[in-house]
Structure formats: structure tokens, C-alpha cells
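Visitor: From just these sequences and the hints, can you work out the full model?
Protein chains in written order, with this note's numbering: chain A, 1 to 227; chain B, 1 to 143; chain C, 1 to 223.
Mixed in with the good hints there might be a few duds.
As the list claims (entries may be wrong) - Across the chosen pairs, the derived CB separations fall in these ranges:
hint, chain 1, residue 1, chain 2, residue 2, range
1, C, 115, B, 93, 50 to 58 Å
2, B, 112, A, 98, 34 to 42 Å
3, A, 108, B, 47, 17 to 25 Å
4, A, 119, B, 112, 50 to 58 Å
5, B, 93, A, 212, 53 to 61 Å
6, C, 51, A, 217, 43 to 51 Å
7, C, 161, B, 75, 51 to 59 Å
Note that these hints are calculated values from the structure, not bench results.
The beta carbon of each residue, even a glycine, is placed where N, CA and C say it ideally should be.
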Amino acid sequence: MTMRQRLIDPPAWTALIAVVAVVVVGLFVVPADRLQGQVQRIMYVHVPSAWIAYLAFFITFAASVRYLWRRDLAADRLAASSAEVGLVFTAVAIVTGSIWGKATWGVWWDWDPRLTTTALLLVIYAGYILIRGSIVDRDRRARAGAVIGIVGFANVPIVHFSVTWWRSLHQPPTIVRPGDPTIDHMLLGELLASVLAFSLLFLYLLNRRLELERARDEAEQALLMPS
Amino acid sequence: MRLRPATIIGLGLVLAALVALGGLVATNAVVYYVTPTELAAKPVDGPVRLYGIVVGGSVSYDRASGVLSFRLSDGQTTEAVTSRFLPTALFRDGVGVVLVGRSTAPGAFSADEVLIKHSAVYQPLKPGETIPPDILQQIRGGG
Amino acid sequence: MLGDVAALAMKDVRIELRSPASVAGALTLGLVGLVVTGLAAGPDTARLRAIAPGLAWLSIVYAAITVGERLDRIDRSDDAFAVLWLSVRDRRAIFAGKIMALTLMLWTISLALLGTAVVLLNIDPSPVAVALIPLALIASIALAAGVVVVTSTVGGNSQRVLLLPVALLPLLAPTLLAASQATGALVAGTVDASLPWFGLLAAQAALFGGLGLLTYEHGAALE
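Guide: The following block contains the structure:
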């Protein structure tokens, strides 16, 4: 991709503008929560990041199942790319959550089930990427990745439902729950908009990461089979 | 698709694991914290997490010793809490808190940490409404 | 298939009996860990007793990874694995046999380490601590299943001695937590408090074992 192509990359601009827009609206337009004050605005980064992290690891899981079943290298590339982008969003969710926690709970970190499981997800997928990086054989790399992607994902339902299952310091889900969401509708609108904007960013990053993975596979092929 | 015995056993095991996990969760067997009533019924000798609501008007702060004291209730049982940990500005009458500490006597609890469990209710200030006063600021004489 | 499983498990046990390097090494490492931590914790034996279950089980988790890694490496030397792969009726017998052999070794290691910890730390165990024997068995199955699922897919690569713990420790964290908590509860004599942890260990063993049966043939195939 040349410099000029990069400058007129419409998906990149769409994602960038959407993220900047929700950040500006989240910081300056919507009112802050009456009790928590300004710090509550970090929610518009924290919640979308956490959602997208789970979504990304789900994609890795589904693509891993497909790879083991069909031996489709495209599925393996998707699994690897999604795990890597998901890892970034997990890190953002943990860092923003930690800042939010210090301001509201009073501590940066607590061994709460939700936090602990998210931290475990971070290390599971870091291990996933490291293991893949250590395996030279392409098929072996894909198979080891697929098995870890499947087994590792067995932890995600525990993460998502731990808020409801275990009694926890982390507040229960605000939107995904029976009945009317317990959030003011204007704040809810902004939250949903930021989830959408971060999803666009995720799709863009995932797509670029996939291109890189494809190029890498082509390069490996070319090295193995000199014409 | 042809299912061989090992595949069926594999599926059965995964299913059994999920059912077992659901069962554990349903019985509340693995808990992160206890309530004052549970603590009174089954005292814990050692560090424990205690969750309850700060009883209205019970908060006091001794500036000389830096000790915060308040009463904590779950609606049935009340514990007298003392702590040197200064909670965040969200600390006020009626807020839910998770205490990390230990029982010093029946009905008395010494907390190393006073963590605010804020609710999942997000509402902006209504017109003319002001933020409820920071109780710690008041107690400590305006900081 | 059960005959295959038992035969394959016996093969690993026999190899280990002939040169018990893995079990002996893992036991020695665990003992060194207990003794050195005892020195580091200083004269406060109460604190040491409080962390002992976690420490013992962390050693056992490491043992699971190193012993499992060695079993897999022995299989892969001299193309032995190719012969195995082509000679069994259902390849998942290799998976089940490996879990059975590793479970036996880990059960031995864990009982020996827990027993030593009781003596070294002057713990006066309650009579219900006998339940540590079945506890160690269930935990060993969970650890063995988790280790074999991942190790069998990675293949012989030079960095796996470092990277297997990186990938496996977080996956095995619930087992480590549950086994430590149950051990603490049983030594203290509170059977009630240990029961949910037994359940969690069984769930973990079933999940790893089940996922392993479903993925093994696809994940562990020959290069």
C-alpha cells in the first residue's frame, strides 16, 4: 500500500472519525453521572473495549473450530488476527477499568472474579500468540493455535456471567439484563454509539491484520517453493 | 456425520462440565464476599470480605487517630466497622461497600480496605440538583 | 479401545519406572521449593502454613507441565509417535492413555509433596485430611488432561520448555486455585468448605478431557 493509498483509505477514516466523534461527545456533550462525576465518562472507552475483547476471542474460537474441521488456512489467519487485536482491546479494558476502579472503588486492582478472569484471558491469549510464534511448521502452528483458541475460550462464559453468578465488586451488567436498562437514555445512546465506533475500529484493525497475515503466508510459500 | 464412542464421550464430558459449573454457581457455593448476617451465623477466623450498606447517620471520623467508624447493615444484622482506610468520594450514607478485614469481636469488624461497590445506575444531575455532599469532607471539617 | 488405552498408559509408566527422571526431578524441585520458601518466610510458621497449600500445588502444576512435556518428547523421538499414530484403532486412545499415565505420576508426586509439607511445617492434620487422597486424584486428572491437550499439539519445537508454562499456567489456574483451597479446608477439617472445590475440579477435568477427545485427532496429527 502506497502512502497515497493510505491517505485515501475510507475504512480508516470512517473508524477514526467515529471514534473521535464519540470521544468528543462523551467528554463534552453528554452529562456526567450525578454520583460518580466526571470519571464515569471513562465508561465510553472501557465498556466498548471489553465487549470487543470478548467478541474478538469469540471470533478466534469460532475460526479455530472451523480450521480444525475444514483445514482452511483462511480461518486460521482470522483466528490469529482476531486474537491479536482482541489482546489490545483487553489491555485497554483492563487499564481503563483500573483507573475507573481507583476513582470509584478506591483501589487500582481487586481480586474480584470478573477482574481476575479478564486478567487470565490476557495471559491466555498472550500465551496463544507466543506459542504460535515459536512454531515454524505452518500446519502445526495453525493446529496448536486452534486447540489453544478453543480451550482458552472455555473461560469466556465464566468471565461474562461471573458478574451475575458470583457476588462481585464489579457492578452488574447495565444493558444486557432483563427489563429496562438502568442507565439514563442519553447516556445509553452515547454508550451504544461508542460501541459502534469501537466496532468499526476493530473491523478496520482486524482487516489490516488479516492482510498482513495473508502477505506473510504468501511470502512463506514463495520461500518454500522457488519458481 | 458418524459419531464414534470417543466423540460422544467427549461431548458428554464438555456438557457435564458446563452443568457442574452451573450447579456450583446456582448453589452460591463459591462466594466472593459474605453479608453481616452470614458472618454472624458462621464467624470466620481470619481475613474475610464483608458486603453491606452504610447505615445513614452512622459515619464518624476521628481526626486525631485517623480512624473512620460507621455501621454496616444488610437489613437484618448490623456490624460496627472501624478502619484507617479512607474510601473514595462516593462514600456516603446508604452506599454499598465491600470491606476487606477481619472480625475483632462479635458484631465488630476492622477493615483494611473500604471499597465502594457503586451501582449500575447511571443518571445525570437533574436541573437544579446538586451532587450529594461528600460525607468525608464534612466529617473532616472541609478536609 | 479400553485395552489400547491401558496398554498405552502402561508403556509410559514402564518407561518412567525404568528411568524415573521425571517423577524424581519433579519431587526434588517441589521439596527444594518447600524448604527454600520455609527459609524465606522466616520464623513466622503460621504464615508459612497459610501459604503451604498454594505453594505445594504450584509445585505440582509445574511437575504436571514438565513431566507431561517429557512424556510427549519421548514419544516423538525416533519416530515412535508415527508408529503409535498408525497402529491404534481410535487415535484418541493415545490421548486417553497419556492422561492415564500422567495422572498416575502426578497422583504419586502430589501425595508425596503434600505429605512432606505436613511433616515439614508441623501441621497437625484433622482426620478428614484422608480426603486429600481422592482430592489429589481428581486434581491430577484435571492437570493431566489440560497438559496433554496443549502439549500434544505443539510438536517438538525448541522453545516449548519455556512457552508451555506460559500457555498452560493460566489455563490451569482454576485447578490450582481449587486444589489449594480444598487442601486448606481439608487440613483444617472443614469438609463443607472443600466440597464446592471438588466440584470445580471435576468440572475442569471433564472440560479439558472432553475438549481433548473432540480435538485430539485434528490437533495432534503427524507433521
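Visitor: Hints first: check each against the structure and report whether it holds.
Guide: These are the hints, each one checked on the structure:
1. The supplied range of 50 to 58 Å is met by residue 115 of chain C and residue 93 of chain B, whose beta-carbon atoms lie about 54 Å from each other.
2. Checked against the given bound of 34 to 42 Å, the beta carbons of residue 112 of chain B and residue 98 of chain A, roughly 20 Å apart, lie outside it.
3. Checked against the hint of 17 to 25 Å, the C-beta distance between residue 108 of chain A and residue 47 of chain B comes to roughly 19 Å, which is consistent with it.
4. Look at residue 119 of chain A against residue 112 of chain B: about 22 Å separates their beta carbons, and that is not inside 50 to 58 Å.
5. One distance hint, 53 to 61 Å for the beta-carbon pair residue 93 of chain B and residue 212 of chain A, holds here, with the actual separation near 55 Å.
6. Roughly 48 Å separates the CB atoms of residue 51 of chain C and residue 217 of chain A, a value that falls within the hinted 43 to 51 Å.
7. A hinted range of 51 to 59 Å holds for the C-beta pair residue 161 of chain C and residue 75 of chain B, which are about 55 Å apart.
Hints 2, 4 from the list above are not met by this structure, while the remaining hints are.
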